Amino acid sequence: MLENRVKQAPSSWQSYFSQAINFVTFLYIKGGVLPWFLVLAVLGFSLSSEYFLTQTNLSGISMHATYLVLVAMAQMLVMLTAGLDLSVGVMIAMTSVVSSLTMGAMWSGYGSGWESILIGCVAGLCACAGIGLVNGIGVAWFRVPAFIMTLGMSSVVLGLALSLTGGIPIYGMPPNFTDIFGYGVWKGFPVPILVTIPCIGLMYLFLNWTRVGRYIYAIGGNLRAAQLSGINTKMCLIIAYTAAAFFTGIAALLITARLDTGESNLGVSYPLLSIAACAIGGVSLQGGVGKLHNVVLGAVFIILIQNGMNLMRINSYYQMVAIGSLLIISIMAENFRQQLMLTYKNKTGSSI
Amino acid sequence: MKITSQPQQSPHSDQLRVRNAKPLIHLQGVSKDYFGSTALKPMNFDIYAGEVHALFGENGAGKSTLLKIITGDTQPSSGKILINDEGVKITSVHHAKELGISAVFQEYTLVPQLTVEENLFLGSDLSSGIFLQKTRLRKWAKQTLERLEFDLEPNQLVMNLSHAQQRMVEIAKAFHSSPAIMILDEPTAALSGRETKQLFAMIDVLKSEGIGVVYVSHRTSEIFRLSDRVSVMQDGHLICTHTTSEIDEDKLIELAFGHRFESFFPTIKSNTGKQLLSISNLCLTNSLVQDASLTINAGEIVGLTGLAGSGAADIARACFGLNQIKSGVITYLDDQVYNKELGINELKPRAMLDRGMLYLPADRRTEGLIMEHNIRQNISLPSLSLAKFSSGFWVRRKREKHIMESVSRRLKINPLSIENVLNHLSGGTQQKVMLAKGFVRDVQLFILDEPTIGVDIGTRAEIYRLLQEFCDAGASVLLISSDLGEVANIAHRVYIVDRGELLAEIPHNSISEATLSHYLDQRETALSC
Numbered sequence: 001m002l003e004n005r006v007k008q009a010p011s012s013w014q015s016y017f018s019q020a021i022n023f024v025t026f027l028y029i030k031g032g033v034l035p036w037f038l039v040l041a042v043l044g045f046s047l048s049s050e051y052f053l054t055q056t057n058l059s060g061i062s063m064h065a066t067y068l069v070l071v072a073m074a075q076m077l078v079m080l081t082a083g084l085d086l087s088v089g090v091m092i093a094m095t096s097v098v099s100s101l102t103m104g105a106m107w108s109g110y111g112s113g114w115e116s117i118l119i120g121c122v123a124g125l126c127a128c129a130g131i132g133l134v135n136g137i138g139v140a141w142f143r144v145p146a147f148i149m150t151l152g153m154s155s156v157v158l159g160l161a162l163s164l165t166g167g168i169p170i171y172g173m174p175p176n177f178t179d180i181f182g183y184g185v186w187k188g189f190p191v192p193i194l195v196t197i198p199c200i201g202l203m204y205l206f207l208n209w210t211r212v213g214r215y216i217y218a219i220g221g222n223l224r225a226a227q228l229s230g231i232n233t234k235m236c237l238i239i240a241y242t243a244a245a246f247f248t249g250i251a252a253l254l255i256t257a258r259l260d261t262g263e264s265n266l267g268v269s270y271p272l273l274s275i276a277a278c279a280i281g282g283v284s285l286q287g288g289v290g291k292l293h294n295v296v297l298g299a300v301f302i303i304l305i306q307n308g309m310n311l312m313r314i315n316s317y318y319q320m321v322a323i324g325s326l327l328i329i330s331i332m333a334e335n336f337r338q339q340l341m342l343t344y345k346n347k348t349g350s351s352i
Numbered sequence: 353m354k355i356t357s358q359p360q361q362s363p364h365s366d367q368l369r370v371r372n373a374k375p376l377i378h379l380q381g382v383s384k385d386y387f388g389s390t391a392l393k394p395m396n397f398d399i400y401a402g403e404v405h406a407l408f409g410e411n412g413a414g415k416s417t418l419l420k421i422i423t424g425d426t427q428p429s430s431g432k433i434l435i436n437d438e439g440v441k442i443t444s445v446h447h448a449k450e451l452g453i454s455a456v457f458q459e460y461t462l463v464p465q466l467t468v469e470e471n472l473f474l475g476s477d478l479s480s481g482i483f484l485q486k487t488r489l490r491k492w493a494k495q496t497l498e499r500l501e502f503d504l505e506p507n508q509l510v511m512n513l514s515h516a517q518q519r520m521v522e523i524a525k526a527f528h529s530s531p532a533i534m535i536l537d538e539p540t541a542a543l544s545g546r547e548t549k550q551l552f553a554m555i556d557v558l559k560s561e562g563i564g565v566v567y568v569s570h571r572t573s574e575i576f577r578l579s580d581r582v583s584v585m586q587d588g589h590l591i592c593t594h595t596t597s598e599i600d601e602d603k604l605i606e607l608a609f610g611h612r613f614e615s616f617f618p619t620i621k622s623n624t625g626k627q628l629l630s631i632s633n634l635c636l637t638n639s640l641v642q643d644a645s646l647t648i649n650a651g652e653i654v655g656l657t658g659l660a661g662s663g664a665a666d667i668a669r670a671c672f673g674l675n676q677i678k679s680g681v682i683t684y685l686d687d688q689v690y691n692k693e694l695g696i697n698e699l700k701p702r703a704m705l706d707r708g709m710l711y712l713p714a715d716r717r718t719e720g721l722i723m724e725h726n727i728r729q730n731i732s733l734p735s736l737s738l739a740k741f742s743s744g745f746w747v748r749r750k751r752e753k754h755i756m757e758s759v760s761r762r763l764k765i766n767p768l769s770i771e772n773v774l775n776h777l778s779g780g781t782q783q784k785v786m787l788a789k790g791f792v793r794d795v796q797l798f799i800l801d802e803p804t805i806g807v808d809i810g811t812r813a814e815i816y817r818l819l820q821e822f823c824d825a826g827a828s829v830l831l832i833s834s835d836l837g838e839v840a841n842i843a844h845r846v847y848i849v850d851r852g853e854l855l856a857e858i859p860h861n862s863i864s865e866a867t868l869s870h871y872l873d874q875r876e877t878a879l880s881c
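Chain order of the listed sequences is A and B. Counted from 1, the first sequence has number 303 at position 303 by my numbering; the numbering is strictly sequential. Counted from 1, the second sequence has number 497 at position 145 by my numbering; the numbering is strictly sequential.
Just so you know, not all the hints are guaranteed correct.
[To be verified] Label pairs and their in silico Cβ distance ranges: (1) A/LYS234 to B/ARG751: 34 to 42 Å; (2) A/ALA20 to B/GLN676: 57 to 65 Å; (3) A/LYS234 to B/ASP643: 30 to 38 Å; (4) A/TYR204 to B/THR718: 26 to 34 Å; (5) A/PRO198 to B/THR718: 36 to 44 Å; (6) B/ASN396 to A/ASN335: 37 to 45 Å; (7) B/ASP385 to A/TYR204: 40 to 48 Å.
Please keep in mind that the hints were generated in silico from the structure rather than gathered at the bench. Predicted, not measured: the structure shown is a model, and the values here were computed from it. Don't be surprised by glycine CBs; every beta carbon is placed ideally from N, CA and C.
Isolated chain B, as found in the complex (with noise of 0.2 Å):
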């Protein structure tokens, strides 16, 4: 069985196809549980033929878990998928595939050592016997990307290609088997504004062929542009779904953030003390940021927030000492600890840790944690070398079983479970232990990266009265976050990243998720037009 779609005469007459036609899919009453717990409720959703259907929603509304299920990357545990009317279970990745669903995720599919169009025909069956079929897949590929408008040579290095041609790439990858539906998860992620504006000129292509396309993004202004029908998701509800043109910017941000968190996020009291760290126009070497300015006070959470990509997360991990700066200076608690022409540079992890700076990293399994190890040893790995937790050689193994008991109460774990390798543990619980590291050493900034990515809500909470803790008792947190009723909720000021570029800093008073995303929409708007 495969999709079939018909070409639509008028692409943005919606309205009236809704009326007459049938949906290239539909999803019936579809929930999903992960070990008891649900992802996902029970809901409807559909896709026509030529339409752009935008999902719209923050971080962990489900929007991720809705594409596993419709790429056939994960079961449905209830409801039913319908393919002209026929019930389907979609088995895999590839049965998707031969169904018609493709998907462009914000993930690298590409394999960086071969060309366009190795890359474009990788898993498809274009052989004879067992040899490739060398100048067919040449002509193919032309094809496609002609088709496709994309002004790529199919025998480039894929390496050589700039980050947009690659998402170009990843795109005509998904084209070539010459899809029904098109899921694109954020592809504007990383793109410069005229990329951007290639990508949606490409989707408009798709439009006119008669592909439905699944649009997510965090961007409104994009959803307004691209999009017929918008559907908003909030912690696994598909709350509803809107005719674009039928609602508005504020209506639509109000739909997916709600008020919901009004009472979630603690008040957190600032007590700004006298200045803590200060970034003086940072430019670094491997990445987007430029001329980038931001100082820290005692005891106050300062929010830098941008979409993914935007470098927010570079910046922090320069001062300590993570990224290479070209240029800059960079001062903590009056010492210049960087400053290229005065020859100063202490940024590393140990010179960082031992001034009091603790960052921890967004990813937790590649770089915040040993996933092998126990919470005990995790926890004391980075102040091991402290009087509390050894002398000279030896490492004080009694003293930290006794100080691990306290952290245990303090992170609202069972005492016992300090010896539990966290591969056993939940999400939720390691993301924990990574902020524990903060409990057994003195730490007057906290650079947190993405602390609350892919953590249950009650998790959330928690995190949220640590970071009351630690601000309570007079320390700082530089927030680094895309999450931006995060920000909004949490931080006392706010400073706004977008591509690598420090665009404005918004004080305490007037933050709120309406605002920042004012900020970014305005930026975006700029660059497309």
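Chain A on its own, in the form it takes in the complex (with noise of 0.2 Å):
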């Protein structure tokens, strides 16, 4: 009886653990790395610092999370699309750049300015998605790829923007701009946050509700099949390019306010950030896959890193070095949770 006992106690043990073993396997299949990035970060990250829970610190996160969860969105819809955006940087920059000439110019110096904040704004949109137009024209049309056409662009527009500017800052906005749009709280909310929000709702609408939504998603996931389908896929190509440049516009217009100034030389961590940001969420390199709610919870996980390795006073350096490196071990463990999903289907015969 006792031998019996001695026997099986181990062997339950093991079986409760090979369960454990199973479920956690199930997750990660059925999750992808993000939870588990997440809630490793909060934990080391509340543990290191007392100020990391605190009210004022997550509100301070979300608030500068919001420009990162826009051009991510943009970056999305490119990725979707089996493309890559490198040029989002410099459409900040250019963004900036624009509006902020043309505010300078339009305003008088006196009253609230509104008009000239409004086609500051509108300007700075139009450059920018003009510059998401020639992007997807030479994609679609030109059959430039993508990742060629937008480096190319980061230097065209790069080039523009610096010579407008000369590379000097650009003061002398309302200040309007940067009181509402910059530091503006409506209700508790951060205006930033305010402008986000609905911009998160729209992304979602266009991705999973319209038609071009779904071509998007079609012509990453095979261009031949979306073609043989009779899907326009040139036309909607360009409309993906076009709409990543303007949510790229509007967080260029939002970091602008922020600063006050327009600067040429904005935005040159975003392209590196925002496709961490989808990696990290889940976007398929090879397009047609992602999930919008993902990617903007990526986008939050990275502001999250950095502002807990700030709280942890690591060097800036290292910083670099921990993004790059979770970047590269996101697209790890997302392979491996392909591999992981094909054992799991043979194993039990069904899919996830």
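Join these two chains into a complex; the hints should help.
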């Protein structure tokens, strides 16, 4: 009797253990790497700094995350078509320069300056959308690989932005612009967040409830199949790139308002950060796969990591190392997940 | 270990050899299961030195599985492989090469940007340290090509060669490791008559060198011209192995195709209506197709058959705007949709879809479906612009879901699996999903390119049932298939295509597999004589 029990005990313990492993595997296959990253980061940072979980810090994080959330959504739109937008950084610079120049030129120095703010914003958005349009036309019509097209455009646009400003920051925007769009608070919510939330909603509707949204997924999933299904793939690609530029432009305006200057050296880190947010959020580099809420979470996660590292007083050079590593690790984890999914399917005969 | 073969004194005395010699390789009770379904039933197979052993059977009979086992691409589930009476486990394609087994498959394995000699030695270790020995390489390449009597220069770029020459490079590549066994999988597909003759001469050289050749072909004439023995496969069984001189063509065809499908194929009533599509004198730019004319009437199934590379699919693809047309006129339902002289060209997927044509490609992975998306998204994709799926800018997702429920009933798949990603489904289900694109829109003409390729028997039967449904509802089907049995039993009329030419139109009452392969072979002998 006793012998039996002794023998049974480890085996049942083992079975619990293997069940737990199976469960964890299942969760990982289902949810991807992002939830684990988030849990680990929150745990780690809250243990290392008591300030991390305070309301002030958390609202600071969400406030800072808005810019990256917007740019990451733009990046996602392009990545869904199996492309890559390396020009989001210079789009931010260009929008900032154009809008601040326009506002400065329009504003007389007296009064609220609402017209000049409006016209400046429209000018900035148009410039940005124009860059996206050129990207889209290059990729769709002239079949330049997205990587090359946007890389080339980054140099073109940066050159133009620098020649417009001579590299000098531009001042002289109406104070209302900064006061409201940079630092404004309405009913306890910072204005940038109030701008970003409808943008997320808009993007959600666009991707999931419109035909063009579905076509964009289809183009990235299998371009040939989309063409054979009678989809105007060129038009959809152009729309995707232009819409991406538009959302980047909104982020650029908010950043400009926050800084109260127009600068041609803004946005340098955004291409990497936005791609990282998408990759961590499970957007496939091959296109066609990715969920908006995961991308938003991915962007928040990156800001959270940066914030946590700042609190731990980690040198900003090491922060660069960390962010780059996270990008690479997230891709590795995704590949591993695909592999697990296959073995899981073979083992149980069912798919998830 | 390496398979050793002695050159035979007289390559045609195979009876004598069977009694005297040992086989180069002997498969004993070898079988293969894939996830519970049997691809290959336990069977015996052997190859002797200096013989051509032909494999004959329809698509999906198990030929490719057998070849994969011999070339080490996959491991048998049971049975033994004997080389020199010793059990061997062939672990990889590389291992098989080391053992002396080389294969030329239908897939393209050359690097077009490299020269002939660079391709020949790609992947073999001909280097001292990290550097390639270029002069030695050149010499060896010359020797190999001379030995095979191939008219090729070692320093030519592969991309500048003709199709047949590229085939030769592949054969030379398989040859240069001096194999004992050479596997040729449909080597004459896409070769012209003259090139085929050259290839046959080369195979005779191989035989005289004492190499055992496994030759897979759909063309009976080739089998009788080349082989010493022939094995017939059907449904994963190796039915029998005969000395080729002892059987005749009719017997061979009967063995391979049997009458198994009589009840398997549904009888589809044709209710022929008015003319739907007519193609006259079609010539294509990037294809062999010359001067092709055919008509399709409402409510009938028209077969378009030919061997791989015959151009049958190109004709159909041109009608959907996927191939560039040189000349010709295409009329769809009284409207001219293509006429170069009048400057009419409406052949685009969207326009033809709107006119009621649906083309479903042969390669569902690269062209037909989006593997990372679910069933619902795939089926509704071509029809999203219809009013039932969208109003203006917006997708009507509730309606879509509702429609998909009835689709899943018709497809006989679990309604819950509608949201499953295609990657996780079986090939048969994927193929059905592709066909189901025709459920949710009005289609008058289905153009189906090899709709049953790579699917199991059960799904095949279901696909035929769907074709029957389409036809009963008054739609027409243009069925492009290299499976003669399928075309003979399903189609009401058949066009035979060979090397870009429409050879014949066979009316319903005289369609049979025997007539079809007869036509193809007649042409073959005419070309090779």
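Hints versus structure:
no.: 1; hint: A/LYS234 to B/ARG751: 34 to 42 Å; verdict: 28 Å, violated
no.: 2; hint: A/ALA20 to B/GLN676: 57 to 65 Å; verdict: 60 Å, holds
no.: 3; hint: A/LYS234 to B/ASP643: 30 to 38 Å; verdict: 34 Å, holds
no.: 4; hint: A/TYR204 to B/THR718: 26 to 34 Å; verdict: 31 Å, holds
no.: 5; hint: A/PRO198 to B/THR718: 36 to 44 Å; verdict: 40 Å, holds
no.: 6; hint: B/ASN396 to A/ASN335: 37 to 45 Å; verdict: 42 Å, holds
no.: 7; hint: B/ASP385 to A/TYR204: 40 to 48 Å; verdict: 46 Å, holds
Hint 1 from the list above is the single one not met by this structure.
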